[in-house]
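Asker: Model the full assembly from the supplied sequences, consistent with the hints where possible.
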Amino acid sequence: MRTSITRRVALLAAAGAAALGLTGPADAQTSIKIGYAISRTGPNTGGAAVTTLPNYELWVKEVNAAGGIKLGDKRVPIEVVQYDDRSNAEEAVRALERLINQDKVDFILPPWGTGLNLAVGPILNREGYPHLAATAVTDRAPELAKRWPNSFWLLGTSADAAKTLVELLVKLRDEKKIGETVAMVSVADGFGIDLSAAARPVLTNAKFKLAYDKSYPVGTQDLAPIINDVKALNPDVVIAFSYPPDTLALTEQSRLAGLNPKVFYTGVGTAFPLYRQRFGNNAQGVMGIGGWSGDSPAIKDYLARHKAAAPNNAEPDRWASAVTYASLQMLQQAIEKVGKIDRAAVIKELQTGSFDTVIGKVKLENNMPTRYWWVGQWQDGEFYGIAPAGNDGARTAIVPKPAWAAP
Amino acid sequence: MTNAILTGLMLGGMYALTAMGLTLQYGVARIMNLSYGEFLIAAAFASHWLFTGWALSPFLGLALVIPVAFAVSFAVYKLLLTPLVRRARTRDALEVDSILATFGLAFIVQGSMLSLFGGAYYSYSYLAFPVHLLGETIAANRLAALAVTILLGAVLYLALTRTRAGTAVRAVAVDPSAAQLVAIDVARTSALTFALGGALVAAAGVLVSTFLTFSASSGVVFTMKALIIVVMGGIGNILGCVIAGLLLGVSEALVASFVDPGLTLAVNFALFLTVLLVKPAGLFGRATR
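Chains as they are written, first to last, in this note's numbering: chain A, 1 to 407; chain B, 1 to 289.
Treat the hints with care, since some could be wrong.
Claimed, not checked - Partial list, derived from the structure: chain B residues whose beta carbon lies under 10 Å from chain A: (1) N3; (2) M14; (3) F59; (4) F103; (5) L114; (6) P130; (7) I138; (8) A139; (9) R142; (10) L263; (11) P280.
FYI, nobody ran anything at the bench for these hints, they're computed from the structure.
Quick caveat, the model's predicted, so the values are computed rather than measured.
Glycine included, every Cβ here is placed at the ideal spot set by N, Cα and C.
Answerer: Shown next, in the form of structure tokens:
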């Protein structure tokens, strides 16, 4: 009897201490809980598996190997909670609600892709979590950054992408390296619709002759009819705002059909290591969206670390991968400067601070970076950024693209 | 025009190829296999692995992949589907049960592929040179795939119409209870036909992998396309399957060349609906009820 009372008292005391401990002096953080929901299944898997997931894993591994994130005068390790959003917006939102309410994570890393980042924007804003959208391209970015001050749109707008591409074409035309006939194809989905809509007026204003301008449905398994039509027009420039499988198929078809324009530009996937692996020397001179400063020591080091950490020595893509990794470095530096888990202060720090990252020094203005890589080109096995030409490490474009060789 | 028809035939051949296995599995064994596309992708991965890891040509790889797929499909039927077949009172009930079971199987196969190969895109280059035919240029790998499709289709058609075993298969497709009365082992025939369907889908996967980019999660596209073609051609009819596939491919190519590439999906579904409205049992199907 006596023992049982003592036991009960002890239990009560322990419970009381635990309850007090939440608000009391034992505020000491032993780990930082970071959660994310990422597409491990569904149509987004291909993109998430190349661009996002390896970077999340690499970053967590590196930070924990170094003892963790510095909070004040000590380091605490990262603890990860993750879910599969099944490439589905509702699922992504549900997973985030669970991360916030049940798992009570300290920070949330964003999903892959424009659509899902737009879908989770409201909840991250409502709950006051920083939202570092590193894989979203949308024209609404400036407006969204205002509406959701916690959101950071690191990949810029499609209008910018189209404008930079056309500026490059204008420059090449002034240098008499290309003529004025342009053929444009686009995938009839978010990315393709946005970019072709942005490029159309800019091209016409720049007095280019848009000889071909058509879209095709997502998942089209044979792009030969398009390439054959384009070839008949013999354009100087071929622009394709395509998704990874189409990017590969369009390139392959152009090579087979002997379509050799002076500028050959393809969309998402051109910057993937798979592209070079698939086409070898034929990748030389192909332009695509994205790019990075391939000669910078920070990028070279990042590439080596990524290869060492990823399964099968997988390489990062040469566009959003480095930006994703840089966004994680920014988050870490912001947390360390604040010195405690104070999300509002971290958001403030992200808005105003400047950060050392693999893509160089980043300082955001109106929650967006001031420099982007918009056009890259495969040159001797590396996808270098070539436009905007003012960026550090910009290479000169190889124009005309060498003719396709037999495989 | 020649060009559009040629590319259409290539595409249609691929469609027919990817649907032939399903027409056997659904039409004869009455298994509505929702994991069909996943098996196709699994074969594509096998081919990719054999080609990049062992430098084995996909056409030699076929000799390895097809028997394995046959055995695996046979095992799937015996272990997973036989209990459903035994339990089902009618063929319709079996269809519903098999939809649920193979839907689950699709996740298992896809999950294993994701853990083995990750979610990234895969692609390799094989027979990727242009061939000149009737004054037009086409890809050698697509032409090879079409040739194999025609070969497989012809062999299957002859086997089904000219041999004893083929007759038994057709009898089971038409009426399993009557087939039993003339001493056909329905359970065995169904199992073997399902396995044959599995072997065909594996062949399709290997051939498709030579010219299409794929990832562990792209199976569902093939299941849907195959389903449309099977229903359109008449369930269980190989000839109907080939013709429906070619029809879809050619119409897609014609629309893409002469109207707008954006309308290919629309024309697909318009054709599908028209066929179903005019002939509800499919192009070569017989109305059974």
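Asker: None of the hints should be skipped; say for each whether it holds.
Answerer: Taking the hints in turn, this is what the structure says about them:
Annotation: interface hint on N3 of chain B holds; nearest CB of chain A at approximately 6 Å, less than 10 Å. Hint status for M14 of chain B: holds, given a least beta-carbon distance of 7 Å to chain A, under 10 Å. Restraint check, F59 of chain B versus chain A: the minimum CB separation of about 17 Å is more than 10 Å; hint violated. About 14 Å separates the beta-carbon of F103 of chain B from the nearest beta-carbon of chain A, more than 10 Å, and the hint is not met.
With its C-beta approaching chain A no nearer than about 7 Å, L114 of chain B sits inside the 10 Å limit, and its interface hint holds. Restraint check, P130 of chain B versus chain A: the minimum CB separation of about 5 Å is within 10 Å; hint holds. Evaluation of the I138 of chain B hint against chain A yields a held restraint, the C-beta minimum of about 8 Å falling below 10 Å. Interface restraint check: A139 of chain B against chain A, minimum CB-CB distance 5 Å, threshold 10 Å, status holds.
At about 8 Å, the closest approach between the beta carbon of R142 of chain B and any beta carbon in chain A falls short of 10 Å, and the interface hint on this residue holds. At about 9 Å, the closest approach between the beta carbon of L263 of chain B and any beta carbon in chain A falls short of 10 Å, and the interface hint on this residue holds. The interface hint given for P280 of chain B is violated, since its Cβ lies 27 Å from the closest Cβ of chain A, which is over the 10 Å cut-off.
In summary, the numbered hints that this structure violates are 3, 4 and 11.
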